[in-house]
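Engineer: Sequence:
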Amino acid sequence: MSSQPATQSTFDSSQNPGSPGQLSQMSNMYNTNIHAIHAAAPMSQSQPRLPAPPGLGPPQPAAMTQSQSQMYNVNMQPTGPPSSAPASGMHGSGPASNVTSEGDFGMLGNYAPAVHTGMHAQLPGQFENMQHPPSVMWNSNVPGVGFVPGMLTPQHGPQGMMNMYVDMNTLRTFEERMRNFMSSQIMEMQREHHNELAAIKKLLEDSMIANQQAQIVPPAEGPLTKKGRKAQNTQLEAAVHEKCLYLLGDPPKRRKDDADPGGKPYYDLPEPLVLGDTPRFADDPERTKLHNPHWLSPASHPVNAAYIDAATDLLYQERVNETDVASIRLAMKRRLKQAVKKYFESLRSQYKARVSEEARTKREGKMRDDRQNMRKHRKCDAMRISARKLKKIVGRENVHGLKELLHTDWMSSEDTADEGANLTRMVKPLKVRQLGWRSPSLNRIYARLQFLMAIDLSLASESEPEDNTHIGVSTSTVFTHYRRRFRGPADEADEREPPIEAGQATIWRECVSTRWAEQTPGGEELRDALSTHPENFTIFDLEIPDCDLSPQDLAWLADGEESDDDEAE
1 MSSQPATQST
11 FDSSQNPGSP
21 GQLSQMSNMY
31 NTNIHAIHAA
41 APMSQSQPRL
51 PAPPGLGPPQ
61 PAAMTQSQSQ
71 MYNVNMQPTG
81 PPSSAPASGM
91 HGSGPASNVT
101 SEGDFGMLGN
111 YAPAVHTGMH
121 AQLPGQFENM
131 QHPPSVMWNS
141 NVPGVGFVPG
151 MLTPQHGPQG
161 MMNMYVDMNT
171 LRTFEERMRN
181 FMSSQIMEMQ
191 REHHNELAAI
201 KKLLEDSMIA
211 NQQAQIVPPA
221 EGPLTKKGRK
231 AQNTQLEAAV
241 HEKCLYLLGD
251 PPKRRKDDAD
261 PGGKPYYDLP
271 EPLVLGDTPR
281 FADDPERTKL
291 HNPHWLSPAS
301 HPVNAAYIDA
311 ATDLLYQERV
321 NETDVASIRL
331 AMKRRLKQAV
341 KKYFESLRSQ
351 YKARVSEEAR
361 TKREGKMRDD
371 RQNMRKHRKC
381 DAMRISARKL
391 KKIVGRENVH
401 GLKELLHTDW
411 MSSEDTADEG
421 ANLTRMVKPL
431 KVRQLGWRSP
441 SLNRIYARLQ
451 FLMAIDLSLA
461 SESEPEDNTH
471 IGVSTSTVFT
481 HYRRRFRGPA
491 DEADEREPPI
501 EAGQATIWRE
511 CVSTRWAEQT
521 PGGEELRDAL
531 STHPENFTIF
541 DLEIPDCDLS
551 PQDLAWLADG
561 EESDDDEAE
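So for the sequence shown, UniProt numbering puts the first residue at 1; every next one is plus one.
These are computed hints drawn from the structure, not numbers from a lab. Here the structure is a predicted model, which is why all the values come from computation and not from measurement. Virtual Cβ for every residue (Gly too), placed ideally from N, Cα, C. Where hints are given, some of them may not hold.
Label-pair distances were calculated between CB atoms; the ranges are [claimed, not checked]:
| no. | residue 1 | residue 2 | range |
| --- | --- | --- | --- |
| 1 | Asp-369 | Lys-403 | 46 to 56 angstroms |
| 2 | Arg-496 | Lys-403 | 18 to 28 angstroms |
| 3 | Arg-496 | Trp-556 | 14 to 24 angstroms |
| 4 | Gly-522 | Arg-484 | 29 to 39 angstroms |
| 5 | Lys-428 | Ile-393 | 50 to 60 angstroms |
| 6 | Pro-251 | Ala-306 | 12 to 22 angstroms |
| 7 | Val-303 | Ser-207 | 35 to 45 angstroms |
| 8 | Leu-554 | Pro-251 | 45 to 55 angstroms |
| 9 | Lys-428 | Asp-491 | 19 to 29 angstroms |
| 10 | Ser-349 | Arg-496 | 40 to 50 angstroms |
| 11 | Leu-549 | Lys-362 | 35 to 45 angstroms |
| 12 | Pro-279 | Glu-492 | 32 to 42 angstroms |
Lysine-lysine pairs mimicking DSS-like chemistry, simulated, CA-CA at most 25 angstroms apart [claimed, not checked]:
| no. | residue 1 | residue 2 |
| --- | --- | --- |
| 13 | Lys-366 | Lys-264 |
| 14 | Lys-341 | Lys-352 |
| 15 | Lys-389 | Lys-403 |
| 16 | Lys-391 | Lys-253 |
| 17 | Lys-362 | Lys-431 |
| 18 | Lys-352 | Lys-333 |
| 19 | Lys-337 | Lys-391 |
| 20 | Lys-264 | Lys-202 |
| 21 | Lys-376 | Lys-352 |
| 22 | Lys-289 | Lys-342 |
| 23 | Lys-253 | Lys-264 |
Please model the complete structure; the sequences and the hints are all you need to start from.
Structural biologist: Below, the structure is given as structure tokens:
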């Protein structure tokens, strides 16, 4: 009986092992061939059969597991013509249970030889151990079984039957090898996936730790912001202050004119306990223990360390639920402790300033320097805002180089003065102490920017917030926070020299006063060593008429320009 070859793809062993294309090709080829051979093998009507174990002897019926049945029981779609064999079918749950019609059995007769022959071509090396290559043919009389319509039997009787089951055992071996190979590939993919997930988790943990550190406390040596202060987390600071003061019994702020530095109110901190004193407890359901730190001792003192740890634990209990990553919780607790310790040192400094004259003088000096530094930063920020407005007024081409002239260290000092105080507002004016080394041309540029700031309420409000606050208050506060200024006498000028150290902004010769150079030892050598400004700096050629300046600034500007011109002649 003629057979119609089945169209199948040949297995290419040269492909990359384990590639998705090879795995798909091997799986499809294997499922098709093994189903054809199983469907062609003898089977009783009541019990499925499996390939016989290696060796001689007739096949023994055996039960097939559910997984094997699902693997073998695939629907084939043969294209050969139906056979004229009598209608019959196979029953049960075995691999051929879906072959039930006359056409199905007939088509198997056409396919079986081609499938068997194709196995040798597609599975090289799998059948070399067989002494008699099997040859299958169509026959409806199966020895030992009886008449079974539409089944395949070996051509050479029992020997052919043995070869058939050797074929089945080879397929079973191939099936095992295929299963092991695919399992190893899946395990390798799982390992790679696990490693990728571990790397992603590590990256996320590092990122979350960095975010927590940035939110909890600024770096110890972090860069200054434009406002001259380190980046702050006001929300965390408020929480730290609240918990630290709570464990002290919430002491009130009180003003002691004869003891407070700068006349500001300070917390009335509890005195350290002495032997025999009764411990204090908070008036809450938990009866929280209150602390009395030793303010004159460092943070490492046992009493102070216990206070810092208690405040840290209290803060940590409120923030611990933010994440479940242990490393992040540990880093967070360390940062919380740093913030608590920093605030403890601030309270300790306040306490020492009240009880020690030396500490009070030192603290007052630091507070004064901080205020002056903040004022210079705010003034420089305000000038940068005014520079943008000046650029729109006179044109960009006329202000080239202006940005390079605005630096905090070049700003004049401003001190609080008692004279001229407004008694209704109790706000003291600021005495401006000019920098003697600045040239008249540089002073005139600065005066023009300050005049723009003074006539623009929004600029004034941004440049005049209260001390120790950020720039950006609303215009409604301009009359509340604006500080009146007046020029101090020449003998009270700021004696700072031009900042020409390494890392400082470049100072050009046109920025330094000739009069200052003449009157200052070494001033001429310093000025002559400076370079002239670049040719594209058009800001020094900008004409600034007197009407564009504040009337209060015209007098001292004129005095400085005349004296500088006299020295230049």
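Engineer: Of all the hints given earlier, name the ones this structure violates by number, lowest first.
Structural biologist: When the structure is compared with the hints, numbers 1, 5, 10, 12, 16, 18, 19, 20, 21 turn out to be violated.
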